[in-house]
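S.K.: Could you put together the complete structure from these sequences and hints?
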Amino acid sequence: MDPLFAFLLRQGDNALVLGHRTSEWCGAAPALEEDIALANTALDLIGQTQLWLGYAAEVEGAGRSANDLAFLRDVYDFRNLLMLEVPNQDFGRTLMRQFLFDAFQVPWLTALCASSDQRVAEIAAKSLKEATYHLDRSSETVIALGDGTEDSNRRMQGALDYLWPYTGEMFADDEVDRAMQAAGVAPLPSDMRERWDTSVRETMQAACLTLPEGDFAHSGGRSGVRHTEHLGHMLATMQVLQRSYPGASW
Amino acid sequence: MTQAATITEAQVWAWLEDVPDPEIPVISVVDLGVVRGVSVSGDQVAVTITPTYSGCPAMAVIAIDIETALARKGITDLTLKTQIAPAWTTDWLSEKGRARLEEYGIAPPQAAGGPERCPHCQSTEVEKVSQFGSTPCKAQWRCTDCLEPFDYFKCI
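If you read the protein sequences in the order shown, they are chains R and C. Using our numbering, you'd call the opening residue of the first sequence number 144 and step up by one each time. Using our numbering, you'd call the opening residue of the second sequence number 65 and step up by one each time.
Quick caveat, the hints were computed from the structure, so don't treat them as lab data. Treat the hints with caution; some may be incorrect.
Said to hold, decoys possible - Keeping only pairs whose Cα atoms sit at most 30 Å apart, straight-line, the calculated DSSO-like set for lysine-lysine is:
id, chain 1, residue 1, chain 2, residue 2
1, C, Lys-160, R, Lys-272
2, C, Lys-192, C, Lys-160
3, C, Lys-192, R, Lys-272
4, C, Lys-137, C, Lys-160
5, C, Lys-145, R, Lys-272
6, C, Lys-160, C, Lys-145
What the hints assert, rightly or not - Derived contacts from chain R toward chain C, CB cut-off under 7 Å, selection only:
id, residue
7, Glu-176
8, Ala-180
9, Asp-187
10, Gly-190
11, Gln-191
12, Ala-268
13, Lys-272
14, Leu-278
15, Arg-280
Quick reminder that beta carbons are idealized off the backbone N, C-alpha and C, glycines included.
M.R.: What follows is the structure, encoded as structure tokens:
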């Protein structure tokens, strides 16, 4: 696979999978304001998906559209981080995941603004504004819930412990990353590690949460070779309309 | 149309000034800063727009509204282009647009990150309810003097 196409799929699939997961809260969040906030966050992510997958489809040059890539690929063709496909579980885990991802996205998209690929730089600049806003909210909410009641603290610690082994995948460089670095399209994801570590450590401290010690990292999402069992279930819901009524539109 | 030969860019801008934002109809798409360029060549008109938020569903409606408004003026050869760079910023809201937002009850964006005052009673005693609101471009705030909730146009 062309490394630029693979890189763009990763960008788009991260936004799409997290956007879909976040949209599952629509009408079901614990408070009206949170329902609206989650729906808006999901909307931003789906908008970013259209930009990344739209460009991916152009680069592939096989006549596919962003919609084709979103709705007609199966599990093993997805290139998103495993952390983004695991179920929401509860509001706490949803916001913890959002924070752990936002804390990566902000420095990552900032670096992509200087990409040698003009389209990548443009999409990154657009997405960065939204990601910065998401990070404000997710970090504030993680602190409020961590430093909240006994129950909210316990749930947030549980969320952090559960998600922690999935965070390492964000920084595991592979041949696609090295090709993108060589072409000046993107830095190595591992270059983001120090900044991410610092912001996560500071936020968890303010949230009265303990960083897990293990450094085991699940992998397989960014390469597509080993997704969790959850992605297939998510796609079954997300893609059912196009699978049942191919080409349906309104 | 006989008027086709006399279309000017200024005329097209003036027509677009009358196209309201579908979500906040007191301001026009020009006031909102989403119209980034107009060019006219004979009877061919090209309008460039930029999205406010990348997923804002109003963008599709804005595109249709622009097409419809210009078609009513006799423009049949319209090219509508979307560009994302430079990324839209609330700095592009016009002064007129900012004033109209406030009259309508929506506090205009401030670089400080929150509303300057309550759009209903002008009190500066305000507090945030939520960073998000009824559309991607707004957040929810409330006034602790008159107790009314209000929308704040997010500053990005």
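S.K.: If a hint holds in the structure, say so; if it does not, say that too.
M.R.: Evaluation of the provided hints:
Taking the CA atoms of C/Lys-160 and R/Lys-272, the gap is near 25 Å; set against the 30 Å cutoff, the hint holds. At roughly 25 Å between alpha-carbon atoms, C/Lys-192 and C/Lys-160 fall within 30 Å of each other, so this suggested pair holds. Straight-line distance between C-alpha atoms of C/Lys-192 and R/Lys-272 comes to about 20 Å, which keeps the hinted pair within the 30 Å bound. Between the alpha carbons of C/Lys-137 and C/Lys-160 the distance comes to roughly 24 Å, so the proposed pair stays at or under 30 Å and holds.
Simply put, C/Lys-145 and R/Lys-272 have alpha-carbon atoms about 22 Å apart, close enough for the 30 Å limit, and the pair holds. For the hint linking C/Lys-160 to C/Lys-145, the alpha-carbon distance of about 25 Å falls within 30 Å, and the restraint holds. At a threshold of 7 Å, the smallest CB-CB gap from R/Glu-176 to chain C is about 4 Å, leaving the interface hint in force. For R/Ala-180, the interface hint holds, since its Cβ comes within 7 Å of a Cβ in chain C; the closest pair sits about 4 Å apart.
The beta carbon of R/Asp-187 is positioned within 7 Å of a beta carbon in chain C (closest approach about 5 Å), and the interface hint is therefore held. The beta carbon of R/Gly-190 is positioned within 7 Å of a beta carbon in chain C (closest approach about 3 Å), and the interface hint is therefore held. The beta carbon of R/Gln-191 is positioned within 7 Å of a beta carbon in chain C (closest approach about 5 Å), and the interface hint is therefore held. Against a cut-off of 7 Å between C-beta atoms, the interface hint on R/Ala-268 holds, since the closest Cβ of chain C lies about 5 Å away.
Contact between R/Lys-272 and chain C, as hinted, is supported at the beta carbon level, the nearest pair being about 5 Å apart and thus within 7 Å. Because the closest C-beta pair between R/Leu-278 and chain C is about 11 Å apart, greater than 7 Å, the hint is violated. Interface restraint check: R/Arg-280 against chain C, minimum CB-CB distance 5 Å, threshold 7 Å, status holds.
Violated hint: 14 only; the structure is consistent with all others.
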